[in-house]
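Number of protein chains: 2
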Amino acid sequence: MIHAQTLTAVLRTASEAGEFVREGFTRRIIRTGELMTVVLDIEGGPWTEADPYHAHPHEQTCYIVSGEVLFLAEGSRPERLSAGDCFAVPPNVPHSIQLLSQTARLVDNFHPVREDFLK
Amino acid sequence: MIHAQTLTAVLRTASEAGEFVREGFTRRIIRTGELMTVVLDIEGGPWTEADPYHAHPHEQTCYIVSGEVLFLAEGSRPERLSAGDCFAVPPNVPHSIQLLSQTARLVDNFHPVREDFLK
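Protein sequences appear in the order of chains D and E. Here my numbering is used: the first residue of the first sequence is 1, the next is one more, and so on. Here my numbering is used: the first residue of the second sequence is 1, the next is one more, and so on.
Worth double-checking, as some hints may not be accurate.
When the alpha-carbon atoms are kept at most 25 Å apart in a straight line, the in silico SDA-like pairs for lysine to any residue are as follows [unchecked claim]:
1) D:LYS119 with E:GLY84
2) D:LYS119 with E:PRO90
3) E:LYS119 with D:GLY84
4) E:LYS119 with D:PRO90
5) E:LYS119 with E:GLN5
6) D:LYS119 with D:ARG105
Treat the hints as calculated values from the structure; they're not laboratory data.
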């Protein structure tokens with residue numbers, strides 16, 4: 001995890017060791033005080049069903065760098081998203097994805113930082 | 001500009017009209033209340049010099065989707081960054097880029113939102 005506190009900082013995902021999250025999920029994190037960007041690489045797709053819905057008080061945006069996902073959220077219709085697409089999640093709105101491609105890279109951004117991602 | 005206020009929202013950069021910022025700069029924005037993601041497409045490179053330094057009280061992270069840039073910041077050495085690399089900028093740290101490739105796509109994230117980007 002790279003933390004830009006008083007000076008700028010850089011994360012090179014090609015050379016920075018990723019953190020194993022769970023089977024098929026690797027992440028690399030760069031953050032400032034109140035803003036966190038998580039580069040999430042997923043493999044092992046396509047999935048036969050979506051992840052369970054989850055929610056958090058953090059605001060979230062996501063940019064899809066590669067791959068294809070079905071984005072699901074309470075109160076909205078499912079959206080099929082691929083490279084170049086984004087989604088945004090207000091606080092506490094339950095949401096999920098289903099990986100439709102073999103692999104995907106998602107750039108997730110959170111405010112405030114996900115303290116649960118820090119160890 | 002897409003604003004996810006109470007429900008989630010989606011931005012498809014391939015079909016959403018971009019906003020002309022200045023010669024060679026087009027942006028598309030998705031935001032929640034306190035978090036803004038700006039997909040910035042730059043063309044007309046490579047540049048012979050960097051943009052003037054600028055600073056803002058907003059925290060910033062950036063993911064480079066394509067292209068190559070020289071990232072410059074006060075107090076840090078210049079960093080040559082390309083697809084898959086990220087940088088982070090704490091509040092009020094002067095910084096700039098120089099486009100080294102012909103085109104680039106940057107995903108800039110800000111907290112709080114850049115009110116100066118809203119019209």
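Could you tell me which of the hints above the structure violates, numbers in ascending order?
-> none
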